[in-house]
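Protein chains: 2
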Amino acid sequence: MSLGSYGEFGLIERIRAQVAGRDDVLVGIGDDCCATMLPPGEVLLTTTDLLIEEIHFRRAWTDFFALGCKAVAVNISDIAAMGGTPRTLSLGLGLPADLCPEDFDQLIAGILTAAQEYGAVLSGGDTCRSPAGLLLSVTVQGSSKPEEVLRRSGARVGDLLYVSGTLGDSALVLRELLTGRTPPAELAGRHHQPTARLRLGQELAQRRLATALIDLSDGLRADLGHILTASGIGARVDAASLPLSPTFRTALAIEPSLLDLALAGGEDYELLWSAPPVAAPALAALGTELGLPLTCIGEIVAAAGLHVVAADGEEIISSKVGYNHFS
Amino acid sequence: MSLGSYGEFGLIERIRAQVAGRDDVLVGIGDDCCATMLPPGEVLLTTTDLLIEEIHFRRAWTDFFALGCKAVAVNISDIAAMGGTPRTLSLGLGLPADLCPEDFDQLIAGILTAAQEYGAVLSGGDTCRSPAGLLLSVTVQGSSKPEEVLRRSGARVGDLLYVSGTLGDSALVLRELLTGRTPPAELAGRHHQPTARLRLGQELAQRRLATALIDLSDGLRADLGHILTASGIGARVDAASLPLSPTFRTALAIEPSLLDLALAGGEDYELLWSAPPVAAPALAALGTELGLPLTCIGEIVAAAGLHVVAADGEEIISSKVGYNHFS
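In order, the protein sequences belong to chains P and W.
Numbering-wise (the working numbering), the first sequence opens with residue 1 and increments by one.
Numbering-wise (the working numbering), the second sequence opens with residue 1 and increments by one.
If we strip away everything but chain P, and leave its shape as in the complex, we get:
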């Protein structure tokens, strides 16, 4: 049984049958557009991410359920990075001829499961053949009270810099895969099925505990660079303070250059934000409440640029910059 035997509308119907109705969806899958409603007075947040086979993933390394979850989570992470609430999801699917129905079903199951987990509903999209590999284009729409929207541009000199979770785990997994080794099992999920820090982003916005916020998709160095550029300031980061998982720390002790992965490896999908020092106790309480480490890794300074300082005070010049799709 090949995917082609379902036909385009058969595939759409196969998806539609699994999506439950929702009060905020006036017109769902199966019309020219979906028609949805936002809470009155809220602004619309929109983010799009492409996931292209051989660029963002390899079929040999991932399972389709996890890939579906990841395609949703990387977009939800962007909604989280504005402090918003996810609402709807539009899915563009380019399907290669050799994709089998079981893999298609697993992919859709992953997308629908993750969407539901984060409170979003699949409301429409487009499905067609792809001449090369599998490609997914996910657009997630969310909303936020206008006064709670958290941008990259609000960091001020004297603010502390915080990051959630641990850094470099996803990049370490990818490094192992690329070199043909088996990644540490306890870290594999950080790369294949990352968690968007949605609740954290929302609490930072609602409790006014951040002046600027971004999610870490291109690596700490590049994404912090975006905050610095947008805010027109600099930052000092203490390398010794970077939050690392036990597995990553063990690997780092053997191979010190792995620090580059924590500083510049991509796909952490943690949040990075600046906050005034007065917010520190509230952030400590929030970390406890969420069961998620929230770590101060440095501070915002007037001197332009990013200064990463080792424990001995020496400034580290990392040779690796954030992931650039065209470098």
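Just to be clear, a hint being listed does not mean it is correct.
Chain copies aren't distinguished; within one or between two, either way the pair holds.
[Stated by the list, open to error] SDA-like mimics (lysine to any residue), calculated; alpha carbons at most 20 Å apart, straight line:
hint, residue 1, residue 2
1, Lys145, Pro39
2, Lys145, Gly28
3, Lys145, Arg207
It should be emphasised that the hints constitute simulated quantities derived from the structure, not laboratory data.
Keep in mind that this is a model prediction, so the values were computed, not measured.
Add chain W to chain P, keeping to what the hints say.
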């Protein structure tokens, strides 16, 4: 000079620099999400279309400016088919390594020109490498008063069926291209740079002149089929009444089987709708006002299915169905 030398953020900046601010865009290109505002009380309309090289277009046949315009127009056509007003556009771009900066710039110029023409603004997206050909994923967001949203499901027995413009021109151009001939110059634009019937869709909604509405992307037969399925009724179409351009009509006289292209060829991007007979005078006036032929091609009947009838009363069985991406 290669596109890669700009880098991912250089390309985004190259686009961002060309996009003017707008009152309804709180946060535009260059943050985790864009944040935009809809008119109070209106519902959000969303549509996504993928355009994939070798599936939807061939680089040898098109110019990049026209391709950019088309990528926008095919989405605007979906907003028109709900009776809505376009607002914002999110652009996913997968760029092959061999794309040159001049072609990239032309593509973006086409996208921005068409967006402006239809009243939408580019507010965000994603840019990455593509291992195979060029791919575009365009999501257009619009809005509508909830009571004016026009669905596919409202057609009633006794309604007349109307279509705008002329049918089959785009499919005729494609047929000529596929067979290695030069398409008629006066029709080429119908395929390469189609016009979305936005104003028509809006007037149909605001003047309450349609009970069901769809845009013709997959061909009359398939798209009318969507209305019939959604509305749970049938239709009789008079083949002799199909609106055809002079060029198409000349070709049809020589090659009668071209009628299939008018009945089932894709990418007309005209609107198809049902309306009660009492709306006929108002529709005639609207056609004059818009300078666009609005032609009655048949009627909605109780008998299920689509019945296309020739001038002599014989029922035509077209061998060609609407375009199915997986057939």
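The hints, checked one at a time:
no.: 1; hint: Lys145 to Pro39; result: both (9 Å within a copy, 15 Å between copies)
no.: 2; hint: Lys145 to Gly28; result: between (24 Å within a copy, 17 Å between copies)
no.: 3; hint: Lys145 to Arg207; result: within (13 Å within a copy, 34 Å between copies)
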